[in-house]
Amino acid sequence: MKKILAFIICSIGWFAIIVQYYLMIENTLLPFSETTVRFFSFFTILTNIIVAVYFTKQLFTSFSGSSNSNFLTAITVYILIVGIIYQVILRSSWNPTGLQRFVDELLHGVIPFLTLVYWYLYGKKSGLKYGNMIKWAIYPLIYLFYILIRGGFSGFYPYPFVNVSEIGIAQTLVNSFYVLIFFIIVSGLLISIGRFIGIKR
Numbered sequence: 013m014k015k016i017l018a019f020i021i022c023s024i025g026w027f028a029i030i031v032q033y034y035l036m037i038e039n040t041l042l043p044f045s046e047t048t049v050r051f052f053s054f055f056t057i058l059t060n061i062i063v064a065v066y067f068t069k070q071l072f073t074s075f076s077g078s079s080n081s082n083f084l085t086a087i088t089v090y091i092l093i094v095g096i097i098y099q100v101i102l103r104s105s106w107n108p109t110g111l112q113r114f115v116d117e118l119l120h121g122v123i124p125f126l127t128l129v130y131w132y133l134y135g136k137k138s139g140l141k142y143g144n145m146i147k148w149a150i151y152p153l154i155y156l157f158y159i160l161i162r163g164g165f166s167g168f169y170p171y172p173f174v175n176v177s178e179i180g181i182a183q184t185l186v187n188s189f190y191v192l193i194f195f196i197i198v199s200g201l202l203i204s205i206g207r208f209i210g211i212k213r
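The sequence shown runs 13 to 213 under the working numbering.
Hints are supplied without guarantee of correctness; some may be wrong.
[What the hints assert, rightly or not] Between beta-carbon pairs, the in silico distance windows are:
id : residue 1 : residue 2 : range
1  : F72       : S166      : 17 to 27 Å
2  : G180      : K69       : 16 to 26 Å
3  : V31       : L71       : 19 to 29 Å
4  : K69       : A182      : 38 to 48 Å
5  : S166      : I209      : 41 to 51 Å
[What the hints assert, rightly or not] Derived lysine-lysine pairs resembling DSS-like cross-links, with alpha carbons at most 30 Å apart:
id : residue 1 : residue 2
6  : K147      : K15
7  : K136      : K14
8  : K141      : K15
9  : K69       : K147
10 : K69       : K15
11 : K69       : K141
12 : K69       : K136
13 : K14       : K141
14 : K136      : K147
15 : K69       : K14
16 : K14       : K147
17 : K15       : K136
It should be emphasised that the hints constitute simulated quantities derived from the structure, not laboratory data. We put the CB at the ideal spot given by N, CA and C, even for glycine.
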């Protein structure tokens, strides 16, 4: 079952990522190079790629024992943040239809849920420490610096709550701080649950 679930997650992940890229190429007047850069500037896309790569790798590794606690928990945190922020903040900002809506649901709903299920069922919990959150924060912080720096040159910001051109740098930093707090809450919650489950098991 573990291998089947990993296969399902990586298959859905690669399908959604590839189709999303195709839709973005098909529905823009921007040059191919700029469209590609913008595609890989979304935290949603980058995180779903990390998830897809992780579960693809799981298909070619031994399935004895539990999956690595720190890395699996980290990507579970990342993909949950993708899903929750979309559902709470971004869903109301646009109304996709057809294939785009289907892909959106996969990227922001189905994959986060299945990743959480996999983490709960098969992730090793005993090695989790609250200090891990510092290392886990490196990826989202690097991402934030990247989109702010590139946005300053290109004028493109992938999400409205970090759009310096419209809301200003001060509000962008405030919003980013709120996201950081949310990241800490989600990370701490998964670590606490994981440690509790680890003790019970």
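Here is how each hint holds up against the structure:
Between F72 and S166, the C-beta spacing of about 38 Å breaks the proposed range 17 to 27 Å. Checked against the given bound of 16 to 26 Å, the beta carbons of G180 and K69, roughly 41 Å apart, lie outside it. Separation of V31 from L71 is about 21 Å and conforms to the stated range, judged on CB atoms against 19 to 29 Å. Between K69 and A182 the Cβ separation comes to about 41 Å, which falls inside the hinted range of 38 to 48 Å.
Here the CB-CB span from S166 to I209 is close to 44 Å, well matched to the stated 41 to 51 Å. Note on K147 and K15: the hinted pairing holds, with a Cα-Cα distance of about 28 Å set against a maximum of 30 Å. For the proposed pair K136 and K14, the alpha carbon gap of about 13 Å is at most 30 Å, so the pair holds. Using a Cα cut-off of 30 Å, the hinted pair K141 and K15 holds, with the two alpha carbons roughly 27 Å apart.
With a C-alpha separation of about 22 Å, the suggested pair K69 and K147 falls inside the 30 Å cut-off, and the hint holds. Between K69 and K15 the CA atoms are separated by roughly 11 Å; this keeps the pair inside 30 Å, and the hint holds. The straight-line distance between the Cα atoms of K69 and K141 is roughly 24 Å, inside the 30 Å bound, and the hint therefore holds. Simply put, K69 and K136 have alpha-carbon atoms about 17 Å apart, close enough for the 30 Å limit, and the pair holds.
For the hint pairing K14 with K141, the CA-to-CA distance comes to about 24 Å; that is within 30 Å, so the pair holds. A C-alpha spacing of about 18 Å is found between K136 and K147, which places the hinted pair at or below 30 Å, so the restraint holds. The suggested pairing of K69 with K14 holds, with an alpha-carbon distance near 13 Å, which does not exceed 30 Å. This hinted pair checks out: K14 and K147 have alpha carbons roughly 27 Å apart, not beyond 30 Å.
Our distance criterion of 30 Å between C-alpha atoms is met by K15 and K136, whose separation comes to about 16 Å.
Violation of the numbered hints given earlier is confined to hints 1, 2; the remaining hints are satisfied by the structure.
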